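A.B. asks: Below are the chains, spelled out letter by letter.
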Amino acid sequence: MIDKPTEKAIGIVNYGAGNIFSLTAALERQQIPYGMVNTEQELQMYSHIIIPGVGHAGAAMEKLKQTGLVEAIKQLEKPVLGICVGMQLLTAHSEEGNADLLNIVPLQTKLFDRELGIKIPHMGWNNVNFTNNPLFKHVKPDAQFYFVHSYFIEYNPIFDIASVNYGNKFSAAIQKDNFYGVQFHPEKSGQAGEQLLKNFSLI
Amino acid sequence: MTGPENMLSKRIIPCLDVKDGRTVKGVNFVDLRDAGDPVELAAQYAQQGADELVFLDITATHERRKTMIEMVKAVARQLNIPFTIGGGITEIADAEALLNAGADKISINSAAVRNPQLIEQLAKAFGVQFVVVAVDTKLVDGKNWVHLNGGRLITELETEKWIKQAEEMGAGEILLTSMDHDGTKAGFDCGLLKKINDSINIPIIASGGAGSVDHFTEVFQKANVDAALAASVFHYGEILIPDLKNELSRNGIPVRL
Numbered sequence: 001m002i003d004k005p006t007e008k009a010i011g012i013v014n015y016g017a018g019n020i021f022s023l024t025a026a027l028e029r030q031q032i033p034y035g036m037v038n039t040e041q042e043l044q045m046y047s048h049i050i051i052p053g054v055g056h057a058g059a060a061m062e063k064l065k066q067t068g069l070v071e072a073i074k075q076l077e078k079p080v081l082g083i084c085v086g087m088q089l090l091t092a093h094s095e096e097g098n099a100d101l102l103n104i105v106p107l108q109t110k111l112f113d114r115e116l117g118i119k120i121p122h123m124g125w126n127n128v129n130f131t132n133n134p135l136f137k138h139v140k141p142d143a144q145f146y147f148v149h150s151y152f153i154e155y156n157p158i159f160d161i162a163s164v165n166y167g168n169k170f171s172a173a174i175q176k177d178n179f180y181g182v183q184f185h186p187e188k189s190g191q192a193g194e195q196l197l198k199n200f201s202l203i
Numbered sequence: 204m205t206g207p208e209n210m211l212s213k214r215i216i217p218c219l220d221v222k223d224g225r226t227v228k229g230v231n232f233v234d235l236r237d238a239g240d241p242v243e244l245a246a247q248y249a250q251q252g253a254d255e256l257v258f259l260d261i262t263a264t265h266e267r268r269k270t271m272i273e274m275v276k277a278v279a280r281q282l283n284i285p286f287t288i289g290g291g292i293t294e295i296a297d298a299e300a301l302l303n304a305g306a307d308k309i310s311i312n313s314a315a316v317r318n319p320q321l322i323e324q325l326a327k328a329f330g331v332q333f334v335v336v337a338v339d340t341k342l343v344d345g346k347n348w349v350h351l352n353g354g355r356l357i358t359e360l361e362t363e364k365w366i367k368q369a370e371e372m373g374a375g376e377i378l379l380t381s382m383d384h385d386g387t388k389a390g391f392d393c394g395l396l397k398k399i400n401d402s403i404n405i406p407i408i409a410s411g412g413a414g415s416v417d418h419f420t421e422v423f424q425k426a427n428v429d430a431a432l433a434a435s436v437f438h439y440g441e442i443l444i445p446d447l448k449n450e451l452s453r454n455g456i457p458v459r460l
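So the sequence lines, in the order shown, correspond to chains A and B.
FYI, the numbering for the first sequence is 1 to 203, going by the numbering used here.
FYI, the numbering for the second sequence is 204 to 460, going by the numbering used here.
Just chain B, same shape as in the assembly:
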């Protein structure tokens, strides 16, 4: 039987910042009853054709874990696409609670830098497919260095070396955010993304700099990344996912329509 040609789709991933169980940053969907409700927002994105979602927990209080678990359960009840939870995961128990609440993947960032063995432990306990290593990178003196605390704290880790190490230790996927591009809406850091992508054998999600539909086309064509993530352009309705995917498809990029 001849069927459609198989091609793994490039994924479009909206990222939602969550604080105390509520989404933050203004959201501009007219038909949302409650734009702060992560469950309703997530369902809306799934409906629009998002391939996956990332929730980033930016809560700083001790109560955070319980609130987050409840949110994850509520999202998992509603959502029929995969989602990743990031923020504040420092030990196996955190990850296990999220897994049992229905999260498909967890993303670790500074905890992995401070304790690289955590990647290995998580991969061993739950499988590599569960472990996303998020890396914030910034150019300093002509080289890309891993940064922590939203780009404020430089580390001694060179970005490419660190990502390779993370892969070796069991990361199933890399979420790479260029802090130089993040918030600029001037496009993804295609040069760096291509360089990193060519040097690893696990999926990579591009993040930081999305401002237009063309930027997505560019990052898939130039860097051949597996997925592209953005926040505000989706939240403010500047880019609608169906329009984006149609345009990508017209440009010959495999997407799920």
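Chain A with its partners taken away, still in its complex shape:
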């Protein structure tokens, strides 16, 4: 962790939704400078922002609201990466807790359909079909990423930058302008995940 934000550093939105130890450890292994964002002022001090998150999307949104950062996050023009529930927060709505979310990307977060004969959560390593996007630069086409989630973001070709099939086709990664999101956990996805975090820091 850095003492003072520099021109190139990732700010991690610290809103209490899940553990961020693994994320900061991954950034440290990649020697990517980072710090914690608790205030609007801190949100402005970093070149990149990560919104982490595990657990319940509705509960995570409530926690994010409590930070008072919601409007400022929506206005950001620097690269922002949402991870797992942090990605789902970028969407309009989640079936988890029937919650209205940030609505930065006009997509729905839905519950996997048990009728499809799949196990829930979608847990483990899966390959993704990614597009030619800077986030996936130098990632091998057959690389796999570690997923663990029960809700997914509907596939929409306008915003999709990586899709995956599990029961149905959904988005493993999305982008709208400067906002990126990944459903998998790059901090737990071996070398491919580390490459992705590095790529994000260079956007």
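A few of these clues could be false.
Unchecked claim - Here are the computed lysine to aspartate or glutamate pairs in the EDC-like style, where the Cα-Cα straight-line distance is at most 16 Å:
(1) A:K119 <-> B:D401
(2) B:K341 <-> B:E363
(3) B:K276 <-> B:E363
(4) B:K276 <-> A:E28
(5) A:K119 <-> B:E370
(6) B:K367 <-> B:E323
(7) A:K119 <-> B:E441
Said to hold, decoys possible - Here are some chain A residues the structure puts well away from chain B; computed CB gaps all over 12 Å:
(8) N19
(9) M45
(10) N103
(11) N126
(12) K137
(13) D142
(14) V164
(15) N178
(16) A192
(17) N199
(18) L202
Think of the hints as simulated: they come from the structure by calculation, not from any bench.
Values in this document were obtained by computation on a predicted structure and should not be read as measured data.
Just so you know, even glycine gets a beta-carbon here, dropped at the ideal spot from N, CA and C.
Please arrange chain B on chain A, whose structure you already have, making use of the hints.
C.D. replies: Same frame as chain A, now just chain B:
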């Protein structure tokens, strides 16, 4: 764009027993500087292609928690794959400390049997993905019963019923060890694993009996489990993970290579 066909990989999980922050059971990796160092061993397994790791804390002293937390932090700093911590977790506070130290999942066994509500509480507090319920089972009079204390203590719980109950209460995954097969190196209990697997809707990890590469192929083909766990065959270098995964792949089983 056409890409590789999506198929969730079957996971290979080495299990490390940890006592006082050190791995126990002999480990036979020639290039390890310190075979007792869980961090170095974990990194080695990740390098070899392990998909996940399980650390089982067998420390019995009061000092255990602090030592374990420090170990978990050290592992999380180094490891770029997920890992589970089991052993001695009896309350929410234990689990929360492990979560904050970087553990991806915790596994509970006897604490869940003694207090099934713990599963519900943990799932509610941290999400189902965090809660692995480990079950040790043994055949007695033709039926599988849940056992505690490493198989020494029988309970009144029928294995299949208990696992279904655990799923209903919020277990995100089941780690099922057949005590009849454990240590035999004669193969997994594919019959039981298939029966249980067909009756639940959450991932299941097979454990107990791995002795050869063929045993892994068999358990994935016959029982269609989501993951297979083993300890000594990996620690003693009897099965190398890259060889194992290549063979599984040749047999048409989806793995991460």
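A.B. asks: Please settle this one: N19 (chain A) was flagged as non-interface, so is its CB more than 12 Å from every CB on chain B?
C.D. replies: 5 Å, violated
A.B. asks: Is the claim that N103 (chain A) lies outside the interface with chain B correct, judged by CB distances over 12 Å?
C.D. replies: 23 Å, holds
A.B. asks: Given the proposed pairing of K341 (chain B) with E363 (chain B), does the C-alpha separation stay at or below 16 Å?
C.D. replies: Given pair K341 (chain B), E363 (chain B) holds - Cα atoms ~12 Å apart, limit 16 Å.
A.B. asks: Classify the label on M45 (chain A) as holds or violated, using whether its beta-carbon is more than 12 Å from each beta-carbon of chain B.
C.D. replies: 25 Å, holds
A.B. asks: When you check the alpha-carbon spacing of K119 (chain A) and E370 (chain B), does it fall within 16 Å?
C.D. replies: 12 Å, holds
A.B. asks: Hinted pair, alpha-carbon criterion (16 Å max): K119 (chain A), D401 (chain B). Please report holds or violated.
C.D. replies: Distance ~11 Å between K119 (chain A) and D401 (chain B) Cα, so the pair holds.
A.B. asks: Is the nearest Cβ of chain B still more than 12 Å from the Cβ of N126 (chain A)?
C.D. replies: About 5 Å separates N126 (chain A) from the closest Cβ of chain B, which leaves it inside 12 Å; violated.
A.B. asks: Is the Cβ of A192 (chain A) farther than 12 Å from every Cβ of chain B?
C.D. replies: It is violated; A192 (chain A) is separated from chain B by about 9 Å at its closest Cβ, not greater than 12 Å.
A.B. asks: Regarding the assertion that N199 (chain A) does not contact chain B, is the least Cβ-Cβ distance greater than 12 Å?
C.D. replies: Consistent with the label, N199 (chain A) stays out of reach of chain B, its closest Cβ about 15 Å off (over 12 Å).
A.B. asks: Please check whether the beta-carbon of N178 (chain A) is more than 12 Å away from every beta-carbon in chain B.
C.D. replies: Correct as stated: the minimum Cβ-Cβ distance to chain B is 23 Å, above 12 Å.
A.B. asks: Regarding the assertion that D142 (chain A) does not contact chain B, is the least Cβ-Cβ distance greater than 12 Å?
C.D. replies: 5 Å, violated
A.B. asks: Take a quick look at whether K119 (chain A) and E441 (chain B) sit within 16 Å of each other, Cα to Cα.
C.D. replies: 32 Å, violated
Figure legend: structure checked against the earlier numbered hints; hints not met, in rising order: 3, 7, 8, 11, 13, 14, 16.
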